[in-house]
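Colleague: Start from the sequences, fold in the hints, and give me the full structure.
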Amino acid sequence: MRNSNTNNWRSTALVAGAILTAGVVTTTSTTDVHADNSQNNAQVSNDQVTYDQVRATADQQLAQLQSANDSKEAQQATANEQSNAADLAQTNAQIDQLKASHAALEQEQAGAIAQAQASTAASIEAQTSAANAEYQQQINTQQQNEATQRAANDQQYAQAVNQAAENQQAVADINAQYQKALSDAANTQTSQAQAAANNYNSAVAKENDTYQGKLSAQQATNAENIKNAEASLASATANANKPYEVATTNDVAVTGRVAKPQTDVKVPAYVTKYGIHLEVRGYNGAIPVSDYTYPEFANTYYGEYPDSAVITNKAAESTPHDISEMPLDFQPGLLSYDAKNDHSEKVSADGLTADQVQVLRALALSWENGFRNNVFQNYREFYNVVNKNDGFVNVAPVDLVSTDFTDNIANQVVANRTKYNIDNNSHTVISSGMPAEATYTSVINDATKNLKKNLTSEFNGKTVYTDVNENLTTMQAGTPTLLNYAINLYNSMQGMYYGELVNPTHIGGHAVNLLCAGVRTVGIGFQKLTDEMTAKNGSGVSDRKNPSYAVTFDHVGFNIDYDANLTKEVQNRNVWGTSTVDAQLNTIKTAQYHVNKVPGTKTVTPTATDVQKATASEQQKLADVKAQAQQSLDALASAHQASLNKLAQQYNDAKAQVKANYDVAVTKAASVRDAALKATGVVDLQAYKAQLDSAYQNLVKADQVAAQKLAADRDAKIANIKKAENVKLDAKINELVPSVDPQIKQLQDQHQAVIAHGDAVLAELKAENKAVYNKLAEQFNVQLAAIQRRENAKRANEVRLANNTVVLPSAVKVANDGNTDTVAFPTASNPLQAETTGRVQTVSAPSIVKTDTQTPIAVTPVVTTVNHAAENTVKSNESSVPVVTQTTAVNGTQTSVASTADNKATKADNSEKSVVKAGTVAKKSESSQKVDQSSMSIVALTTTALLGTLGITYSSKKRHN
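Going by the numbering used here, the residue at position 654 of the sequence shown is 1155; the numbering climbs one at a time, nothing skipped.
Any given hint might turn out to be false.
What the hints assert, rightly or not - Have a look at the derived ranges for each label pair, beta carbon to beta carbon: (1) 1097 x 787: 46 to 54 angstroms; (2) 1146 x 735: 28 to 36 angstroms; (3) 651 x 1182: 47 to 55 angstroms; (4) 578 x 1249: 22 to 30 angstroms; (5) 622 x 660: 24 to 32 angstroms; (6) 1292 x 584: 47 to 55 angstroms; (7) 1224 x 1184: 34 to 42 angstroms; (8) 1249 x 576: 23 to 31 angstroms; (9) 1087 x 1118: 40 to 48 angstroms; (10) 1140 x 692: 28 to 36 angstroms; (11) 878 x 912: 32 to 40 angstroms.
No lab work stands behind these hints: they were computed from the structure.
Built from N, CA and C at the ideal position, the CB exists for glycine as well.
Modeller: Written out as structure tokens, the structure reads:
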């Protein structure tokens, strides 16, 4: 039997000297942390005074130089303006003089210009009149030619009319013969057409008689075939309607037995008198049941005790008989164990097999998910408190998974714990006596480094937090069966999770770790404890005949910028490995609920659908017969129609031949007539008249085209005359009064050259002044930088403790690496700057200086350590010494991917978040230890203040961690 004394505490304090070796704490802060700050502000170094003096001299001399430069540049700008104005006035006067001279000359030559213009106008008029006369002569010639052609045509037509009168009788005889030939051709056409029609009608009547005979015979055959098919369908339908017997299989649901946890747990007085002691912040002693928001959670804590020792009312419905009866959900309450009704497989003296471990992993995973989902659905206030800063308030968590990925993590954690002899009261952390590379965080970091890298790259510009923590409990069994181990683990997890949900302001670290919505996977490890470990005082192992185990729950996940949507999207990706517990869970689920198939027979009365299916073949045969009958009739009709079409085509061909014969006879008659008329010399007067008129119209059209070209040529000639005469006029006027525009342009260009020269002189002066100013500023900059390096070197080993400054010994040598900040002097455009620019600045927060061989310690922001037992808050920068509290669980951590701190998380873990979430140790203790500052040496005082600043407390508890 395990020791039931849960108050057997052991405490451990961090050694102060171990922290001092990590680095030297320095600060030069002058920030007011107390009301009395006279001592802080009175200490000013000689280098500071020198720096201020040099800086003041630099500001004065640079301001004077800038003032002188500005004055010279202003004088040069004024001189440029005056020179430009004078030159502009002179240029404008010269231009006005040129314009006046030009106007006077124009007035003087006015008579000569007028004479030249009159001469030009007279010349243009004379040449234009000549061109118009030439054009009119050409038009007159065209009109004369047209009149001559018209008279000749009239004469020729009169002659033709006279000749036609002489041949009138001969023409009448020829036309009479032509008309007789046409009448004969028409009579022949009528006779041939009638013969063709008679032949066609006779052939059509014969074809109709033949078709009607074939149609009657085929219809008789079709009727017989359809009758036979209908009889066959009727027989098949009658057979299909007869009832028949069929074999059946009935589905019978089978619900397996599943144990129901009980919350009304009765425990003996020797247990209850100790009260409820949980790893919950704010409680250092027993927790009254009245403090629980949900009192049923209080009894679940007794799951940490061996069942037979404390549970006296073992209800039958709460006692599973095999693994298949273990509940897969995780409602509050404990299970009972009955060794006499245990039908599960045995566990050998060597311990659990690999298959048995996977069964327990499957159950533990299901229970963890059951706890998370039940709390979210029914006890939301606890879930929201845990996730209030992580973006998951009222957002359901994604189920945890146990995969080959997490199995590797869990197995490595177990191997490391075994290697370094870590017992069931210690987490997989450095403080338990193992190197950093063997801790659970190191194992997880190695396994997830590629995933971290990819997520950090993918979500560039957002913070990717790593959620990792570790819960630890002990599993044992009085009877070496898999069921006894499973019940023990179930009850232990009840205490570890529901037992820590006291109220929303006081939640234990194990529950906080599991309720963290950022975690996605859990690696569940089973470390077999050695006899030496179980024999330790406070191990919690009551029965050492059978193997006992330390069970680790290493949770892993990522939170993307506290954005629930992004985080859940990453959680649902296929990057977490392949599940290794599905088969085990499915086996248990099948046992708890499955469906059996029961054979039997029944009489079936065919439905209309059944009959339809059974007679489908006969129905198809009938349809085929009918279709074939119709096809045969269609074939006869098609052949008959083809014959009729052929006869019609033959008839059409005969009629076309008759028409062709008629056309030939008519054409021949016309040819004979035309030949006879030609022999007599007869002319068609109307056609002849049209021929003469057409020739005349062609002449007129040609003359019109020619007239348009003549007009265009005349207009072009006149335009050229005007252009040539005006060119001569312009040359004459320019000879009499020359233009002054070239001289004006030359004067304007000369004035622009004067302006450009002045601008160049001013730009050169500004460049020279700027170079002189920058050179002087650089000289002061070098001098001030040297003073600042000396000041930094002096303050490297100083530490502020309350109102005191302590100089610590250090082998650190401050090297001048040349990376000195440049002092920003006033620029040329703004010579006056704030008085604080460039001065030696103070550091506002402590920093850690590391030597070449030391491991760097991350800078920790000033925090407040709360002693919940005493309800006193001690600030780390006040004279009071920080309180070191004691408990056994190491808090969960949530850090950004960039953090290198080895953050620890355990059963009593609580995630304390800042910009980078540094893990703090939040543990339970019956009492806190206060250190009397007056009894400490200055080195011990320094150490204590440093621990308070870093927010570190430490202790341990016996069973859950």
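Colleague: If a hint holds in the structure, say so; if it does not, say that too.
Modeller: Each hint tested on the structure:
1. 1097 x 787: 46 to 54 angstroms: holds, 52 angstroms
2. 1146 x 735: 28 to 36 angstroms: violated, 43 angstroms
3. 651 x 1182: 47 to 55 angstroms: 26 angstroms Cβ-Cβ, so the 47 to 55 angstroms window is violated.
4. 578 x 1249: 22 to 30 angstroms: Holds - the Cβ-Cβ distance for residue 578 and residue 1249, about 23 angstroms, lies within 22 to 30 angstroms.
5. 622 x 660: 24 to 32 angstroms: violated, 59 angstroms
6. 1292 x 584: 47 to 55 angstroms: holds, 54 angstroms
7. 1224 x 1184: 34 to 42 angstroms: Given about 59 angstroms between the Cβ atoms, the range is violated.
8. 1249 x 576: 23 to 31 angstroms: holds, 28 angstroms
9. 1087 x 1118: 40 to 48 angstroms: holds, 46 angstroms
10. 1140 x 692: 28 to 36 angstroms: holds, 34 angstroms
11. 878 x 912: 32 to 40 angstroms: 33 angstroms Cβ-Cβ, so the 32 to 40 angstroms window holds.
Of the numbered hints stated above, those contradicted by the structure are hints 2, 3, 5 and 7, listed in ascending order.
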